[in-house]
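Chemist: Chain by chain, the residues run as shown.
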Amino acid sequence: MTAFSKSKYLEIYRKMKLIRRFEEQALKLAQDGEISGSLHLYIGQEAVAVGACFDLEVPDMITSTHRGHGHLIAKGGDIRYMFAELMGRKSGYNKGKGGSMHIAEPALGILGANGIVGAGAPIGVGAALANKFLKNKKVVMTFFGDGALATGAVHEAMNMAAIMNLPIIFICENNQYAVSLSVKDSCPLKRLSDRAKSYSMHGISVDGMNVEKVYNAARDAINRARNGEGPSFIECKTYRFYDHSIGVDKLGLKYRTDEEIKYWKNRDPIKLWENRLIKEQICNKKQIEEVDNAVEEIIIQAIQFSRESDYPPPQDALKDMYSNNYDDLPVLGWIKIKK
Amino acid sequence: MKKVVIPKMGMATTEVDILTWKVKEGDAVKIGDIMVEIESEKANVGIESEYNGIITKILHKDGETVPVGEAICEIDES
Amino acid sequence: MRELRYLHAVQEGIKQEMQKNRNIIILGEDIRHSLRGITKGFFEEFGGERVIDTPLSEIALVGAGTGLALSGVRPIVEFQLSEFVFLAFDQIVNQAQKLRYMSGGKLSVPVTYIVPSMGSRGGSMAGQHSDITYSYVLQAGMKVVVPSNAYDAKGLVISAIREDDPVMVYLPAKCLAKKDIVPEEIYTIPLGKGIIKKAGNDITVIAIGHFVQVALDVADITGEKGISLEVLDPRTLLPLDKDLIKNSISKTGRVIIIDDSNKTCGFASELAAFIAEELFDYLKAPIRRIARTVVPVPFSAPMESFVIPDKQELIDVVHEFDI
Chain X
1 MTAFSKSKYL EIYRKMKLIR RFEEQALKLA QDGEISGSLH LYIGQEAVAV
51 GACFDLEVPD MITSTHRGHG HLIAKGGDIR YMFAELMGRK SGYNKGKGGS
101 MHIAEPALGI LGANGIVGAG APIGVGAALA NKFLKNKKVV MTFFGDGALA
151 TGAVHEAMNM AAIMNLPIIF ICENNQYAVS LSVKDSCPLK RLSDRAKSYS
201 MHGISVDGMN VEKVYNAARD AINRARNGEG PSFIECKTYR FYDHSIGVDK
251 LGLKYRTDEE IKYWKNRDPI KLWENRLIKE QICNKKQIEE VDNAVEEIII
301 QAIQFSRESD YPPPQDALKD MYSNNYDDLP VLGWIKIKK
Chain B
1 MKKVVIPKMG MATTEVDILT WKVKEGDAVK IGDIMVEIES EKANVGIESE
51 YNGIITKILH KDGETVPVGE AICEIDES
Chain S
1 MRELRYLHAV QEGIKQEMQK NRNIIILGED IRHSLRGITK GFFEEFGGER
51 VIDTPLSEIA LVGAGTGLAL SGVRPIVEFQ LSEFVFLAFD QIVNQAQKLR
101 YMSGGKLSVP VTYIVPSMGS RGGSMAGQHS DITYSYVLQA GMKVVVPSNA
151 YDAKGLVISA IREDDPVMVY LPAKCLAKKD IVPEEIYTIP LGKGIIKKAG
201 NDITVIAIGH FVQVALDVAD ITGEKGISLE VLDPRTLLPL DKDLIKNSIS
251 KTGRVIIIDD SNKTCGFASE LAAFIAEELF DYLKAPIRRI ARTVVPVPFS
301 APMESFVIPD KQELIDVVHE FDI
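Chains as they are written, first to last, in this note's numbering: chain X, 1 to 339; chain B, 1 to 78; chain S, 1 to 323.
Hints should not be assumed to be uniformly reliable.
As the list claims (entries may be wrong) - Computed far set for chain B versus chain S, every beta-carbon distance over 12 Å: (1) 24; (2) 30; (3) 62.
Claimed, not checked - Label pairs and their in silico Cβ distance ranges: (4) 190(S) - 184(X): 53 to 63 Å; (5) 223(S) - 43(B): 33 to 43 Å; (6) 190(S) - 333(X): 20 to 30 Å; (7) 181(X) - 32(S): 34 to 44 Å; (8) 302(S) - 197(X): 45 to 55 Å; (9) 20(B) - 299(S): 30 to 40 Å.
Read the hints as simulated data drawn from the structure, not as lab findings.
By construction, the Cβ of each residue, glycine as well, lies at the ideal position given by its N, Cα and C atoms.
Chain X with its partners taken away, still in its complex shape (with noise of 0.2 Å):
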């Protein structure tokens, strides 16, 4: 059992209502055509953001997937420049030029959201290693899902990350469903953390719903990587209450039963959590109420900044490719031949 302060208690409450009420703006917002592309919800999972990034610092980094939403707000990203983000405006994170599944900001030490299932944990052992050699106590956490154990890019990553006793900590949260992929049909395994025993690494399971559970978990995941005791892998069992993104949803594939989602929304992280704090006498309804508030204020000016603010000119399409600049840099696709 953890002794968290009041403060800490309700902190953690907040930063997953603030994930919870993005997601579900975010998606009334592309539902209204004023977010383009796709969308992958991460409503359902807060719990494992949130309780997995608590105790890492600033300067600590992550790679996240592209259900990655929750994981850039549990890291301190400002939600402003998320939404001008997911709206293709030039105050976005990446001046528009990335969008939902590519968010990136390295001075929170967010190394981006990925679009490849399993990518990210390559660039996040190569983080690793870069700390390990600069001595600078940083640690990196890696996020992917349960489908993404299949994909060699993951093999690989924990393989190297455990040979070379690297400051990672591996992050598989098992939302059970890789799109329409059960985790049964993509993993041997009953439990996912007996991956890490292929690699001698540590591994754990734990309830994804229980933020508590995941903070534990991740709170000595981290300790051991900042003592130089190297990787750790962290199952959380979790679940995503929409469908794999904003694009599937409307192709009616049932992949899951009605009861099984029922079974899951009733284990919401949020009404879990919050249900404690009231049940313990931690804090009453007032202050829940309170922090909703807040959070609401927050979303709405974020929502706000972002409309008012400007889309990129076309031009910029051509920055950003390179460092620096060269004739004929980027390579345009029509030029105009001067007669």
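Mind docking chains B and S on chain X? Use the hints.
Modeler: For chains B and S alone, coordinates are given in the frame of chain X:
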């Protein structure tokens, strides 16, 4: 009559330089004698005789660049 | 003046740069014992923290290069074979090459890929060990240098390491043993600048890598028959020295491009398209390309010779022009 060729050495070596011949035409050699020193981009190596016999012909001289697989001398086995 | 073999010139360039900048780490397979010869002596000099043998994990090798580069280290990634680039293709063209742009310029990936090839005529290394692979990454906009001689090799590899973007340094097998005068001090050759290796009037021959020497040899041969070749070595494939090419073709009006990668969508195609599109008015004859026949390189020597071009193919094409 046996031919001595530049052996395959290293993954990308395509040619070597002949540094110094240790034997000349008419000399007798035994198995294991170093006949010539060659240099690739990776290393200097001595080529050993695989036969007992007499050197009958030197086909490439000191300082020449020779492709891997090419014959550099001939030996009459005794 | 001191002569060095091309391989040793590359080695010296990397070594001197690693001596100068302690934040450079080199990773690869079998680089501590230096199977490919580039990193010989590096482990002894720089230690295990800066010279890292990785497991046979190209995805993790390249990904680690990216992660290192994002985190304040300047990594060099050595590929043991040029085809191993295929194993890490996502990490190279979909991650490393794209991160700067997708992040709006906030992420910087100053990684250098060293790719020594084995592909060459007479190597008999067969289908999966003979490729020249730079054309695949050029399409993603990756900077690529292909030094043709030892002097250029040292200067270009140092520039590549100092560049703050991913750069692939391609070392053609047939160049590795060649000697040239190489200064002992550190020097750089800028990216994006080609060089005229031999001036001429009748035909511009744009040659890549080991074909530069082949073109020079052919220029001697055809010169005696009264056909004057101008041999142009781009040195950097991207960014390309378009002005140099324009100056040459505006003078000769004829061009042969000889490149040891596959013909289809290979670098010769890109050059030909650029010349046809932007320098058409200078042309007196169609652009000619000499490149590899698009089959996996066959093992047996006569077939290998047939599909990989060499001197004779260039001579034949020279004589097809009406001069």
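Chemist: Each of the hints needs a verdict: does it hold here or not?
Modeler: Hint check:
no. : hint                        : verdict
1   : 24                          : 26 Å, holds
2   : 30                          : 31 Å, holds
3   : 62                          : 16 Å, holds
4   : 190(S) - 184(X): 53 to 63 Å : 57 Å, holds
5   : 223(S) - 43(B): 33 to 43 Å  : 37 Å, holds
6   : 190(S) - 333(X): 20 to 30 Å : 26 Å, holds
7   : 181(X) - 32(S): 34 to 44 Å  : 41 Å, holds
8   : 302(S) - 197(X): 45 to 55 Å : 53 Å, holds
9   : 20(B) - 299(S): 30 to 40 Å  : 34 Å, holds
This entry satisfies every hint, going by the numbered hints stated previously.
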